[in-house]
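In terms of full-length UniProt numbering, the sequence shown opens at residue 1 and continues consecutively.
Wrong hints could be hidden among the right ones.
[Unchecked claim] Restricting the straight-line Cα-Cα distance to at most 30 Å, the calculated cross-link-like pairs of lysine-lysine (DSS-like) are:
id : residue 1 : residue 2
1  : Lys114    : Lys96
2  : Lys137    : Lys261
3  : Lys75     : Lys137
4  : Lys163    : Lys178
5  : Lys157    : Lys114
6  : Lys300    : Lys235
7  : Lys251    : Lys300
8  : Lys300    : Lys157
9  : Lys300    : Lys75
10 : Lys261    : Lys284
11 : Lys251    : Lys178
12 : Lys163    : Lys107
[Said to hold, decoys possible] Label-pair distances were calculated between CB atoms; the ranges are:
id : residue 1 : residue 2 : range
13 : Gln179    : Pro432    : 34 to 40 Å
14 : Asn120    : Asp213    : 37 to 43 Å
15 : Met254    : Lys157    : 21 to 27 Å
16 : Asp167    : Arg465    : 40 to 46 Å
To be clear, the hints were calculated from the coordinates, so they are not data collected in a lab.
Glycine is no exception: its CB is placed at the ideal position from the N, C-alpha and C atoms.
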Amino acid sequence: MASSLSNNPFARRARLPCFNNDDGQAPKDKNTPNHFQMPGNSNINDAITIKPAMKETEELLASEMSQLSVQERSKAMDDLHCVGVELQETTEMIQKSLAEFEEAVQKERNPIYKMAINQNRAYEEDPTFRLRFLRAKLYNVREAVRTMISFLEYKAKYFGDDKVARDITLDDLSEEDKQLMLSGLFHIQDGRDRNGRLIVHFFGKLLSRCKADNLIRIGYYIMYSILSSIPDVQKKGIVAIYNDTTQPGEKFTMPEFNFIKESQGFFASVPTRYSGMHYCLQAKSRNLMVNNALVSLFLKGLPQHDRVRTRIHYGSIMELRYQLQSFGIPLSTIPFGVQGNIRNDILNVWLDRHLEETNQRIRFYQPDAAWGWSQDMEIESKRSKQPQHGHCDKNEDDAIEALGMEVHDSMWASSTEVGPDDAVPMNRTTGPIEPTEMDVLFGKGYRLQLHPGNVRFREFLEQRRGEYEGTPRQNRRDIAIKFAQMLRNNGVRFLQKAGSEEWVESDSAQAETKVAQFFRELRKKRSK
1 MASSLSNNPF ARRARLPCFN NDDGQAPKDK NTPNHFQMPG NSNINDAITI KPAMKETEEL
61 LASEMSQLSV QERSKAMDDL HCVGVELQET TEMIQKSLAE FEEAVQKERN PIYKMAINQN
121 RAYEEDPTFR LRFLRAKLYN VREAVRTMIS FLEYKAKYFG DDKVARDITL DDLSEEDKQL
181 MLSGLFHIQD GRDRNGRLIV HFFGKLLSRC KADNLIRIGY YIMYSILSSI PDVQKKGIVA
241 IYNDTTQPGE KFTMPEFNFI KESQGFFASV PTRYSGMHYC LQAKSRNLMV NNALVSLFLK
301 GLPQHDRVRT RIHYGSIMEL RYQLQSFGIP LSTIPFGVQG NIRNDILNVW LDRHLEETNQ
361 RIRFYQPDAA WGWSQDMEIE SKRSKQPQHG HCDKNEDDAI EALGMEVHDS MWASSTEVGP
421 DDAVPMNRTT GPIEPTEMDV LFGKGYRLQL HPGNVRFREF LEQRRGEYEG TPRQNRRDIA
481 IKFAQMLRNN GVRFLQKAGS EEWVESDSAQ AETKVAQFFR ELRKKRSK
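Please model the entire structure based on the sequences and the hints provided.
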């Protein structure tokens, strides 16, 4: 059945710069299952799946897409392809929604909420706690209240009634939970996507190693205690990637039905919005059959917002990696290698660093082992000195009368533009320096290339390649100076080795040369 181009969910996207082609229509997406491959005169319901083993899941996703308006489809595609915008808020909007939230929660008269209020009213009525649910549900107050109630019920069930109205810390996890967390069951990638969003990986083959209560307690700690506390995660959401990395001869075991249902209900209650979901499946018939049941059952428990932002990718491990790259996922820090092996050299680096910064500690690897894996895992926990429930931004401060929490924005997601008059004098540190995750380290070698500051430096410049290449050759040095200054203004240092061990800060000219050199090398690679 034919339909007009206006009914094609890709019609609007065809006008975006990243979807340009000669005939004015969206290019065919080789990563997309058949039900999304639509020429301009095709209807979404006409699609025929090319993966019979995944028929149930693909038809579910196709059905969800067909129920959306053109505008809703466009927003979903923008989020998937890293061109969406973060949640926009005003002080008035926050104030109004918090007032409506209070009114709605009083009408619920739910026993779990009463229990929480009796234990710690200040904790449960903290505006920053409620804002997590409002933002996750895009300020749909009724949905936010229902999600919070469900969240408290799961918290009581898996951590105990006495912990409903307090923070959950490492001390609340069992030793088995901690060991599973170290295994990479959940992995926060040390490098954001093109839109500055955090990326969380789930390794399917590890699911068979844990029980539902392990998965939910670990999931609570990672998804709520850590990720949901970050303001730009609340506003941008996260990207979730499910990885089927089974090796040849390795059996993929389907978790039990009750395990899936219980996990599904819990993850739907966590106030973390999925802006993109990718299921990476190897094209093995048995794997696909098992994953079809697993994925379709899990997706059915998630909101429509999340389901329509889902992509299923098929192929070899190498093909899956490059398919993810086309959706803005940086390969340099992706946690599985070209053979499907979990990369222990970078496993949990982001998490370990985050816990150190928040006064908690899990030592995943020996500092002197060149990013190697340590079997002697030392785990210790300290209470975070940060305010409960996380940070606030300016609008939150205004809306809830300046709670005094520090803004925690990602410099790399949106560095401040500068002009000639905005330059900040470079106050160089003359003595030895201990590098941080934000610093750019000069030098060669695999380890330096994986340094978080170097990874973000490359991503930062990649996003601005068009401006550099669109500038006349004689003026490109000025652009390099501008970008180097933007980074320095946001606290980035350019460090080089002095002797065999010590790091010292480079001068402005060296930093600017480093920027220009990156663009030259990038141009050479693209011309090959």
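For each hint, the structure was consulted:
Between Lys114 and Lys96 the alpha-carbon distance is near 23 Å, which keeps this suggested pair within the 30 Å criterion. With a CA separation close to 21 Å, the supplied pair Lys137 and Lys261 stays within the 30 Å bound. Proposed proximity of Lys75 and Lys137 is supported: the alpha carbons are some 15 Å apart, at most 30 Å. For the proposed pair Lys163 and Lys178, the alpha carbon gap of about 19 Å is at most 30 Å, so the pair holds.
A threshold of 30 Å between alpha carbons decides the hint, and for Lys157 with Lys114 the separation of about 16 Å falls inside it, so the pair holds. For the hint linking Lys300 to Lys235, the alpha-carbon distance of about 24 Å falls within 30 Å, and the restraint holds. The straight-line distance between the Cα atoms of Lys251 and Lys300 is roughly 25 Å, inside the 30 Å bound, and the hint therefore holds. Distance check on the hinted pair: Lys300 and Lys157 sit about 23 Å apart at the alpha-carbon level, within 30 Å; holds.
Of the supplied pair hints, the one linking Lys300 and Lys75 holds, its CA atoms being roughly 21 Å apart against a limit of 30 Å. For a cut-off of 30 Å, the pair hint linking Lys261 to Lys284 stands: about 25 Å separates their Cα positions. Proposed proximity of Lys251 and Lys178 is supported: the alpha carbons are some 25 Å apart, at most 30 Å. With a C-alpha separation of about 24 Å, the suggested pair Lys163 and Lys107 falls inside the 30 Å cut-off, and the hint holds.
Separation of Gln179 from Pro432 is about 37 Å and conforms to the stated range, judged on CB atoms against 34 to 40 Å. Between Asn120 and Asp213 the beta carbon distance is about 24 Å. The supplied range of 37 to 43 Å is therefore violated. Against the hinted window of 21 to 27 Å, the Cβ-Cβ separation of Met254 and Lys157 comes to about 24 Å, which satisfies the hint. A hinted range of 40 to 46 Å holds for the C-beta pair Asp167 and Arg465, which are about 42 Å apart.
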